[in-house]
Every structure is written in C-alpha cells, then in structure tokens.
Amino acid sequence: MASVIEPEALEMLVSVLRRRGYRVLGPTVRDGAVVYADLASAADLPIGWKDVQEPGSYRLERRDDDARFGYAVGPHSWKQFLFPPRLRLWAASRTENGFEVTPDPPPDRPLALIGVRACELHGIAIQDTVFLGGAHTDDEYAARRKDAFIVAVNCFEPAGTCFCVSMGTGPKAESGYDLALTEVMDGPHRLVAEAGSDRGAEVLAELPHRDATGSDVDAAASAVAGAAEKMGRSVDTDDLPGLLSRNLEHARWDDVADRCLTCGNCTMVCPTCFCSGVEDHTDLAGEQAERVRVWDSCFGIDHSHMHGGAIRPSGRSRYRQWLTHKFGTWHDQFGSSGCIGCGRCIAWCPVGIDVTEELAAIRFDEEASP
Amino acid sequence: MKSIAELVAEAPLFADLPPDRLELISGCGQNVHFADGETLFREDTPADTFYLLRHGSVTLETYVPGRGSITIETLGAGDVVGWSWLFPPYRWYFDGRALELVRAVEFDTTCLRDKLETDPALGYDLMSRFAQVLRERLRGTRLRLLDVYGDVLSG
Amino acid sequence: MATFSPAEAPAEGRAMTPRPFAVVHRRREAPGIWTLELEPVDGEPLRPLPGQFTMVYAFGIGEVALSVSGVRDGRLIHTVAAVGAVTTAICASRPGTVLGVRGPLGNSWPLERAQGSDVVVVAGGVGLAPLRGALRHLLANRGEYGELVLLYGSRSPAGVLYRAELERWRRLGMSVDVIVDAAGPEWPGQVGFVTELIPPARFDPDASVAMVCGPEIMMTHCARALLDRGIAAEDVYVSLERSMRCGTGHCGHCQLGPTLVCRDGPVYTYDRVAPALHVREL
Numbered sequence: 001m002a003s004v005i006e007p008e009a010l011e012m013l014v015s016v017l018r019r020r021g022y023r024v025l026g027p028t029v030r031d032g033a034v035v036y037a038d039l040a041s042a043a044d045l046p047i048g049w050k051d052v053q054e055p056g057s058y059r060l061e062r063r064d065d066d067a068r069f070g071y072a073v074g075p076h077s078w079k080q081f082l083f084p085p086r087l088r089l090w091a092a093s094r095t096e097n098g099f100e101v102t103p104d105p106p107p108d109r110p111l112a113l114i115g116v117r118a119c120e121l122h123g124i125a126i127q128d129t130v131f132l133g134g135a136h137t138d139d140e141y142a143a144r145r146k147d148a149f150i151v152a153v154n155c156f157e158p159a160g161t162c163f164c165v166s167m168g169t170g171p172k173a174e175s176g177y178d179l180a181l182t183e184v185m186d187g188p189h190r191l192v193a194e195a196g197s198d199r200g201a202e203v204l205a206e207l208p209h210r211d212a213t214g215s216d217v218d219a220a221a222s223a224v225a226g227a228a229e230k231m232g233r234s235v236d237t238d239d240l241p242g243l244l245s246r247n248l249e250h251a252r253w254d255d256v257a258d259r260c261l262t263c264g265n266c267t268m269v270c271p272t273c274f275c276s277g278v279e280d281h282t283d284l285a286g287e288q289a290e291r292v293r294v295w296d297s298c299f300g301i302d303h304s305h306m307h308g309g310a311i312r313p314s315g316r317s318r319y320r321q322w323l324t325h326k327f328g329t330w331h332d333q334f335g336s337s338g339c340i341g342c343g344r345c346i347a348w349c350p351v352g353i354d355v356t357e358e359l360a361a362i363r364f365d366e367e368a369s370p
Numbered sequence: 001m002k003s004i005a006e007l008v009a010e011a012p013l014f015a016d017l018p019p020d021r022l023e024l025i026s027g028c029g030q031n032v033h034f035a036d037g038e039t040l041f042r043e044d045t046p047a048d049t050f051y052l053l054r055h056g057s058v059t060l061e062t063y064v065p066g067r068g069s070i071t072i073e074t075l076g077a078g079d080v081v082g083w084s085w086l087f088p089p090y091r092w093y094f095d096g097r098a099l100e101l102v103r104a105v106e107f108d109t110t111c112l113r114d115k116l117e118t119d120p121a122l123g124y125d126l127m128s129r130f131a132q133v134l135r136e137r138l139r140g141t142r143l144r145l146l147d148v149y150g151d152v153l154s155g
Numbered sequence: 001m002a003t004f005s006p007a008e009a010p011a012e013g014r015a016m017t018p019r020p021f022a023v024v025h026r027r028r029e030a031p032g033i034w035t036l037e038l039e040p041v042d043g044e045p046l047r048p049l050p051g052q053f054t055m056v057y058a059f060g061i062g063e064v065a066l067s068v069s070g071v072r073d074g075r076l077i078h079t080v081a082a083v084g085a086v087t088t089a090i091c092a093s094r095p096g097t098v099l100g101v102r103g104p105l106g107n108s109w110p111l112e113r114a115q116g117s118d119v120v121v122v123a124g125g126v127g128l129a130p131l132r133g134a135l136r137h138l139l140a141n142r143g144e145y146g147e148l149v150l151l152y153g154s155r156s157p158a159g160v161l162y163r164a165e166l167e168r169w170r171r172l173g174m175s176v177d178v179i180v181d182a183a184g185p186e187w188p189g190q191v192g193f194v195t196e197l198i199p200p201a202r203f204d205p206d207a208s209v210a211m212v213c214g215p216e217i218m219m220t221h222c223a224r225a226l227l228d229r230g231i232a233a234e235d236v237y238v239s240l241e242r243s244m245r246c247g248t249g250h251c252g253h254c255q256l257g258p259t260l261v262c263r264d265g266p267v268y269t270y271d272r273v274a275p276a277l278h279v280r281e282l
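Protein chains in written order, with this note's numbering: chain L, 1 to 370; chain D, 1 to 155; chain Z, 1 to 282.
Treat the hints as calculated values from the structure; they're not laboratory data.
Note that the structure is predicted; figures quoted are calculated from it, not measured.
A few of these clues could be false.
Calculated Cβ distances over 12 Å to all of chain D for the following chain L residues [unchecked claim]:
| # | residue |
| --- | --- |
| 1 | V16 |
| 2 | D38 |
| 3 | A40 |
| 4 | P103 |
Listed next, with one range per pair, are the computed distances between beta-carbon atoms [what the hints assert, rightly or not]:
| # | chain 1 | residue 1 | chain 2 | residue 2 | range |
| --- | --- | --- | --- | --- | --- |
| 5 | L | W90 | D | W83 | 55 to 61 Å |
| 6 | L | R59 | D | R42 | 32 to 38 Å |
| 7 | L | G32 | Z | G84 | 40 to 46 Å |
| 8 | Z | A82 | D | G140 | 47 to 53 Å |
| 9 | D | A121 | Z | E144 | 49 to 55 Å |
Ideal Cβ placement from N, Cα and C applies to all residues, glycine included.
Hey, can you work out the whole structure from these sequences and the hints?
Encoded structure:
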C-alpha cells in the first residue's frame with residue numbers, strides 16, 4: 001500500500017529519525033559534489049542539483065526544479081559508515097599476566113541512511129556477504145549494520161556513467177530497505193512512499209501523508225522506468241567470469257596498464273571494495289598498544305607483499321587483479337558479481353578508464369577470433 | 001640462403017652427423033626467429049620443439065612469486081635449447097625467452113620422436129649427443145651449487 | 001543476489017582480538033628458526049588440526065600468520081623463521097613473554113581422506129613444520145594408513161629440523177629420506193634436490209595421497225614429479241601462503257585468483273590451484 005508525502009515532509013522524516021535515536025546521514029552538497037554526511041535537516045539535501053558524469057569527470061549542474069534527489073551518485077558510498085575508513089579495533093595494556101585487550105565499543109547510536117540508491121542496496125548486500133556471510137563475522141560491520149534504518153530513494157535521473165540495468169541492480173529498489181521513496185516531478189512535486197518493514201511503516205505513519213492514487217503509482221513507475229531507459233552505459237555480463245579467466249594474458253591488460261596510475265581512486269569510491277589493512281601501534285614505553293583497521297587497496301604495491309617482494313609488482317597485474325576480481329572471481333569467492341553498475345570508478349578515475357570499455361574490448365577480441 | 005640441412009651440419013651438437021641422418025633430422029626442422037623479449041616456451045607446457053640457436057641468446061628462467069623471473073642459464077649461438085622432449089612426460093621444466101633477436105632452427109619433436117622410434121641407431125646417436133650437452137650443463141649446475149666465489153669474497 | 005536481513009546478524013565473538021598466550025618453552029632448531037610452545041594465560045587451549053594456522057601478535061609490534069607445528073598437553077607449538085620485524089620479535093620471546101593468538105584458522109591436511117592409502121609427505125625447508133602435526137597423527141594411527149613416506153629437502157645440514165623426531169619416526173615405521181642441496185664431509189646423508197627422491201620412493205601411485213609443503217617453486221616441481229609417478233592431481237595436496245592481515249576472510253589480501261587462502265586453504269588439492277599458480281603475478 002503506497003503513500004504520498006510532500007517534499008516538505010522530509011524535514012519531519014529527519015526529525016522523527018533523530019528523535020528515535022538515529023544518527024541521520026544523507027546526501028548534501030560539499031566541495032562541488034554530492035556527498036554523504038550527517039544531516040541536520042532536510043534543507044541540507046542537494047535541492048535542485050544534478051550531476052553530470054563522464055570518464056574522469058564529475059560536476060554538478062543546477063536543475064530547473066527543486067528536486068531533492070535529482071542526481072545519481074557521488075564519490076561517497078555508504079560503506080564509509082558501515083565499514084569506516086579508519087577504525088580503532090581495540091586498545092591493549094600490559095598487565096602482570098601479560099596484556100589485556102579492550103575492544104572499542106560500538107557506536108552509541110544506530111545509523112539512518114537517507115537516499116540509498118537501488119544499486120547501493122545491492123552494494124550493501126554484497127558487503128553483508130563479505131563481512132557477515134562467512135565462517136567469521138566482522139563484528140564492527142555487524143554492529144553498525146544490524147540496526148541501520150534504510151530509506152531507499154529510486155533514481156529518476158541516472159548519470160552517463162550508470163549501468164545498473166546491465167548488472168541487475170536497479171534502477172528500482174526491490175528489497176533491503178525500511179522505506180522506499182520515489183520522487184515524482186511530473187505534475188505536483190511529491191514523493192511516493194512504500195514501507196519495506198514494520199519500523200519503516202511506523203516512521204511513515206508519523207509523517208503527514210495520504211494514500212497514493214493509481215496515477216501517483218503510475219507516475220512513480222514511469223519515473224523509474226524512464227531512468228532504466230536512460231542508462232549511459234552497458235555491460236554484456238554473459239559468462240563474464242569465464243571470459244576473464246580465459247583472458248588473463250590478454251594484450252588489453254598492457255594497454256590499460258599504460259594508462260592506469262594505480263592511484264586506487266576506483267577502490268575508494270567503489271561501494272563494494274572491502275580490502276583493509278591493519279596498523280599496530282604502541283606508545284614509547286611499550287605499555288599501551290592499539291590496533292587500527294584502515295581501508296586498503298589492491299592497487300598498492302604492498303598489498304600483495306610477502307617475504308621480500310610483492311606478488312603483484314606491476315601496475316598491469318594490479319589492474320588485472322581489481323577488474324577480474326570485481327567482475328569474475330568475486331563470483332567464486334562470494335557467489336555474486338562484485339559490481340553494482342554505479343559508475344563511480346569511471347567518473348573518479350583521473351585518467352578516465354572505463355571498466356565497461358575494458359570488458360567490451362576483451363570480449364570483442366574473443367568473439368572475433370574463436 | 002642456407003638450407004636447413006646446411007645449418008644443422010654447422011651446429012656443434014650435430015658435428016660429424018652422417019648425411020642420411022642429417023637429412024632425416026633436417027626434415028623435422030624449420031627456420032624461425034624471435035623478437036627481443038619474446039617467449040619461446042613456457043614451463044609445464046608440452047615440449048614439442050627444441051631449438052638450435054644460430055644467432056642471439058635465450059634465457060632459461062623460472063618465475064618465483066615475490067622475486068620475479070630468475071635466470072637459470074643463458075644460451076647463445078651454437079647452443080641447443082631443450083631436451084625435455086626426449087623423456088616423458090615431454091613437458092618443459094622452465095621458461096625460455098629471447099634476450100635479443102634470435103634466429104634458430106626449430107625442430108618438431110613429435111616428428112623427430114617418430115623417426116627415432118623406427119631407427120634405433122639414429123635414436124642412440126641423438127641421445128648420446130644430447131647426453132653430452134646435459135653432462136656439461138649438470139657439471140656447471142653442480143659447480144654453481146658450491147657457491148665457490150662466495151668463499152673467496154668473504155675470505 | 002544475496003540479501004541480508006538485520007535480524008540475522010550474528011552476535012558475539014571478536015575475530016580480531018588476540019588472546020594472551022605465554023611462552024613456556026623456546027628452543028633453537030636451526031640458524032634463525034625457533035620453536036615456541038605457548039599456553040593460554042586463561043581459558044581453553046586451542047585445538048588446531050594439522051595444517052591450520054594462527055595469527056600471532058607481538059605486543060605493539062604486529063601480527064603474522066604462522067602455521068601450527070603441533071599441540072602437546074594443551075600447549076600450542078609454532079616453529080618460526082625470523083624473517084621480518086614481527087617474526088624476529090616472536091623468535092626473541094623468552095619463556096614468560098606473553099604473545100597474542102587468534103585462531104585456529106584455515107583448513108587442514110586430509111588425514112581422514114587419506115585413510116586406507118599410502119601417504120607421501122614431501123617437505124622443503126621450514127615446510128616441514130606445517131606437516132609435523134600430520135606426521136605425528138599418521139604415526140599415532142599407523143594402522144589406518146598404508147605405506148608412510150617422508151621426503152624432506154633442506155638447503156644444508158644446519159637447516160634440517162626436528163632431527164631427533166625424524167629418527168623416532170623412522171623407528172615407528174615411516175620411511176624417512178632427508179636430502180640437502182649442499183654439504184661438507186660431516187654429512188653422512190644424501191645430497192641433491194628433494195624432487196630426486198620422488199622417482200624411487202616406495203608408494204602405490206594408484207592408492208596414494210601426497211601432502212607437500214615448502215617454498216612455492218619447490219611445491220610445484222614436486223607436485224609435477226608426483227604426477228609423473230602417476231598420482232592423480234586431486235590426490236596431491238599443497239599448502240599455500242599469501243599475504244595475510246586478518247586471517248578471517250575479510251581483508252582481501254590473501255586472494256589467489258578465485259580463492260581466499262585463509263578461508264578456502266591453506267591446504268588445496270593441486271588440480272584446484274595449479275591453473276592459478278601458473279599465471280604470473282596473479
């Protein structure tokens with residue numbers, strides 16, 4: 001049963017969530033980009049902004065309306081809150097019997113994420129599998145994930161770098177949310193809202209709303225369908241893992257290696273990249289120690305370092321590792337693709353490497369010469 | 001332009017090879033060349049060739065993760081490269097790569113093994129010649145194991 | 001596409017928190033190689049299976065993945081080579097020093113699967129340490145296995161580990177062959193490379209399981225030599241090593257193509273990993 005809320009009701013959404021004890025996070029404009037940050041009020045949303053994205057290029061442009069969510073995705077993803085870039089795991093002190101370890105406590109407030117795209121829901125589900133789906137649980141991720149309240153917002157304005165349709169991750173949010181909103185600009189500016197959970201329904205009930213009519217529902221569906229038609233890019237995913245495993249020595253890897261700076265931007269903006277490193281610190285007296293977990297990137301030379309050398313010393317091997325993992329061996333390791341088609345890696349690559357183009361080049365060669 | 005038979009006759013490995021055997025062996029050979037850095041063969045792949053180097057040099061190497069490619073031996077003009085074809089499982093043990101432009105006679109060893117099976121005398125002749133090559137390589141390898149220069153340098 | 005419902009979030013357990021373990025015994029096996037015996041400061045001892053590893057923490061310095069060399073009376077035994085800052089600190093830990101331990105992690109040697117077969121164990125250098133627990137198990141359950149063969153290669157006589165145990169294993173019914181790359185006249189044993197011990201070794205290739213551990217290049221050549229003897233690639237097991245930070249499948253460092261060594265390994269059948277091992281810089 002869908003409802004309709006006015007854009008102004010978003011202010012009440014923020015305060016209802018805050019009153020319920022959540023740390024409210026959402027999109028806002030900062031330094032020329034739509035980023036995810038603490039939301040003090042709905043006035044902080046990127047009202048009237050859209051993003052224009054191409055390989056190696058991201059800029060904001062003014063819309064001619066005051067859409068709250070009229071952009072696609074920015075350089076941030078929700079992983080920075082569920083899997084923080086720098087996090088102390090524990091502190092330890094020397095004792096008579098050796099040492100005592102005190103794990104850091106979980107955050108004092110659960111997270112409320114406003115503005116989660118359909119592709120990002122899949123990104124979160126993918127990281128759930130990595131951090132929670134194996135024999136060992138990542139406790140820090142679990143603590144932040146388990147009570148997170150998710151307000152999904154369907155896309156009606158994809159960017160030129162988007163390819164969620166190819167990856168089967170959007171543009172419509174199907175599950176994994178507490179509330180899903182679709183912003184409709186056609187006719188009176190409104191948002192069609194659907195609850196995806198009991199607590200989502202409770203929160204929706206606290207906002208001024210009315211029942212959605214047939215035409216509201218149609219307008220919402222049409223906005224989302226429109227997004228699906230406007231995909232800037234596509235990927236042929238047919239047997240992609242097989243294609244990549246058969247082409248580990250393809251000349252294309254040399255080609256992309258000539259362009260790739262191994263800067264690791266792609267791994268930082270990618271919502272599913274999960275590699276981390278560990279720093280062990282101690283004070284000068286050697287009495288107190290701590291362990292800090294930090295984001296890491298397979299593009300770093302030390303990522304594969306072992307006994308006197310890196311297994312992947314060349315940029316070529318590191319780019320190959322990233323792309324074949326994301327689209328290929330992720331399936332073997334975690335049972336799904338690692339890519340959600342958000343296109344961030346394409347926009348935020350300083351030299352504009354386009355993963356869809358790299359994959360197409362390898363596939364083209366294989367099909368051209370069987 | 002020399003014929004394959006003339007090139008084979010010039011090679012130290014095949015010195016004094018009787019003409020009929022020379023012809024038999026040459027029938028399995030062809031001229032090939034490799035560019036600087038090009039791979040001739042990869043370890044653990046079928047050894048269906050061996051090479052008589054006429055010009056240029058080849059490195060026999062192996063790849064160790066974390067250390068990169070380690071050169072085991074280098075071979076040059078006049079040397080033969082490849083004896084894994086003589087014994088089952090007929091697979092290369094190491095990688096071979098051209099260090100510069102290489103011109104060589106490449107022998108099709110499937111073709112050659114068939115001829116050796118039907119002509120034991122030819123087989124014995126070829127085996128003896130290769131055994132001598134292996135003897136020299138093995139002596140060199142054993143001496144290198146002794147790390148003789150290390151003792152001298154550290155005094 | 002996997003979905004996760006918050007209610008299912010697993011609770012406790014702190015995968016990244018080390019438990020204090022005190023060094024109770026320390027002995028030097030070879031230049032730069034030490035064996036430490038550790039006991040938990042409190043709580044239950046670990047029960048690792050042969051082949052598994054732990055993450056060992058030197059207070060304030062760092063952590064490293066170490067294969068378990070055995071358990072005895074509730075003690076955890078690790079033979080460690082001092083090759084970096086952390087392993088050097090661990091090797092320097094005198095009895096009384098408290099280290100941190102997480103684990104046991106990873107999978108183990110196929111001791112159950114090998115029942116009824118001949119077992120060929122091929123070790124190179126410090127690679128004998130991860131196999132030690134398996135060798136002790138094979139001998140403690142002698143009746144469940146056929147021929148037991150240990151082929152052990154080392155760089156020099158000084159690097160041969162567990163000499164007294166090698167003798168004991170011989171007496172208990174295992175064929176033990178030790179070979180070194182180079183030696184002086186004081187070494188009465190064999191000199192050569194460990195692959196050379198494989199062709200004459202006494203085992204039935206149609207009914208054998210092989211377990212190989214050592215430097216990667218040694219393992220691949222030994223695996224091929226075992227295949228040349230007629231053992232199937234699915235019956236040859238190797239123990240792989242890759243860079244590790246977490247040991248629990250979350251940090252992404254130990255990937256080798258389609259597998260995570262800390263989670264799917266470190267023990268693998270050769271047929272499964274041979275393709276990945278042959279791709280340079282994978």
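Right, here's what the structure says about each hint:
no.	hint	result
1	V16	holds, 55 Å
2	D38	holds, 44 Å
3	A40	holds, 50 Å
4	P103	holds, 34 Å
5	L/W90 - D/W83: 55 to 61 Å	holds, 58 Å
6	L/R59 - D/R42: 32 to 38 Å	violated, 48 Å
7	L/G32 - Z/G84: 40 to 46 Å	holds, 44 Å
8	Z/A82 - D/G140: 47 to 53 Å	violated, 34 Å
9	D/A121 - Z/E144: 49 to 55 Å	holds, 53 Å
Violated hints, listed in ascending order, are 6, 8; each of the other numbered hints is respected by the structure.
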